[in-house]
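K.L.:
Sequence:
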Amino acid sequence: MNTVIRHVTPADLDRCYAIETLAYEGDEAATREKIATRIATWPEGFIVAEVDGVVAGFINSGAAFEVEMSDEAFKELIGHDPAGPHVVIMSVVVHPDYQGQGLAKRLMAEFIQRMRALNKASIHLMCKERHIALYAGFGFAYIKPSASDHGGMAWHEMVLEF
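For the sequence shown, this note's numbering begins at 1 and goes up steadily by one.
Honestly, I wouldn't trust all of these hints.
Unchecked claim - Pairwise CB distance ranges, derived in the manner of DEER restraints:
(1) 1 / 138: 30 to 36 Å
(2) 73 / 1: 36 to 42 Å
(3) 121 / 22: 18 to 24 Å
(4) 70 / 161: 25 to 31 Å
(5) 153 / 4: 27 to 33 Å
(6) 116 / 66: 27 to 33 Å
(7) 121 / 7: 30 to 36 Å
(8) 68 / 154: 28 to 34 Å
(9) 121 / 2: 23 to 29 Å
(10) 130 / 109: 33 to 39 Å
(11) 83 / 1: 33 to 39 Å
(12) 7 / 133: 24 to 30 Å
(13) 44 / 143: 22 to 28 Å
(14) 2 / 154: 24 to 30 Å
To be verified - Dumping the calculated DSS-like pairs for lysine-lysine here, alpha-carbon to alpha-carbon at most 25 Å:
(15) 75 / 144
(16) 75 / 105
(17) 75 / 120
(18) 105 / 144
(19) 34 / 75
(20) 120 / 144
(21) 105 / 128
(22) 120 / 105
(23) 34 / 120
(24) 34 / 128
(25) 144 / 128
Keep in mind the hints are simulated off the structure, nothing from the lab. Idealized CB from N, CA, C, for every residue including glycine.
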């Protein structure tokens, strides 16, 4: 299995959208338009894992000077500023056919390294309760249950500070 982690390209849009809709429950998946906006607006914060030439997973994000995790507009990168010191992850997702192979961990390790190289101060994310331990393993600290009810789900806010 040959895995390459790289920046997203516009040609990845349909595959990323397909993965997002397969891997996320109900209304929590981003629309094709939101993913297109994320690709076009800040490709530096959007990486994909390609396995044997096929995009198998990705992480996308935005940057800001002020972070409000329950801000739904930010998911469309309203308020995004590439100079912002704080990164907000919107999706960490792996296609079901590639889950259980450590791709999410490889993506996250690479994402953290890239954000450090961009001199970011912190990375924020929201996750379901079952993923808290995974992110804690990367050094993320638990903040609180989120006010967001995105997709009708319960979320928990975490942060990694550099």
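K.L.:
Each of the hints needs a verdict: does it hold here or not?
P.N.:
Evaluated hints:
Distance hint for residue 1 and residue 138: a CB-CB separation of about 22 Å, inconsistent with the stated range 30 to 36 Å. Remark: the range hint 36 to 42 Å for residue 73 to residue 1 is upheld by a beta-carbon distance near 39 Å. With their beta carbons about 33 Å apart, residue 121 and residue 22 fall outside the hinted range of 18 to 24 Å. Checking the proposed 25 to 31 Å range against residue 70 and residue 161 shows it is violated: the Cβ atoms sit about 20 Å from each other.
Checked against the given bound of 27 to 33 Å, the beta carbons of residue 153 and residue 4, roughly 31 Å apart, stay inside it. Our hint of 27 to 33 Å for residue 116 and residue 66 is violated, since their Cβ atoms are close to 21 Å apart. In this structure, residue 121 and residue 7 break the distance hint of 30 to 36 Å, their C-beta atoms being roughly 21 Å apart. The hinted window of 28 to 34 Å between residue 68 and residue 154 is violated, with their beta carbons roughly 18 Å apart.
One distance hint, 23 to 29 Å for the beta-carbon pair residue 121 and residue 2, is violated here, with the actual separation near 34 Å. In this structure, residue 130 and residue 109 break the distance hint of 33 to 39 Å, their C-beta atoms being roughly 20 Å apart. With their beta carbons about 37 Å apart, residue 83 and residue 1 fall inside the hinted range of 33 to 39 Å. The hinted range of 24 to 30 Å is satisfied by residue 7 and residue 133, whose Cβ atoms lie roughly 29 Å apart.
The given range of 22 to 28 Å is respected by residue 44 and residue 143, whose C-beta atoms sit roughly 25 Å from each other. Between residue 2 and residue 154, the C-beta spacing of about 38 Å breaks the proposed range 24 to 30 Å. For a cut-off of 25 Å, the pair hint linking residue 75 to residue 144 stands: about 20 Å separates their Cα positions. In summary, the hint linking residue 75 to residue 105 is supported, as the alpha carbons are separated by about 23 Å, within the 25 Å threshold.
Pair hint residue 75 plus residue 120 holds up; C-alpha atoms about 19 Å apart against a cutoff of 25 Å. Under the criterion of a C-alpha separation no larger than 25 Å, the hint pairing residue 105 with residue 144 is consistent with the structure, at around 23 Å. Our distance criterion of 25 Å between C-alpha atoms is met by residue 34 and residue 75, whose separation comes to about 7 Å. Proposed proximity of residue 120 and residue 144 is supported: the alpha carbons are some 22 Å apart, at most 25 Å.
Annotation: proposed proximity of residue 105 to residue 128 holds, straight-line Cα distance about 16 Å (limit 25 Å). The hinted pair formed by residue 120 and residue 105 meets the criterion: a straight-line CA distance of about 20 Å does not exceed 25 Å. A hinted pair counts as satisfied when its Cα atoms are at most 25 Å apart, and residue 34 with residue 120 qualifies at roughly 23 Å. Our distance criterion of 25 Å between C-alpha atoms is met by residue 34 and residue 128, whose separation comes to about 21 Å.
A C-alpha spacing of about 12 Å is found between residue 144 and residue 128, which places the hinted pair at or below 25 Å, so the restraint holds.
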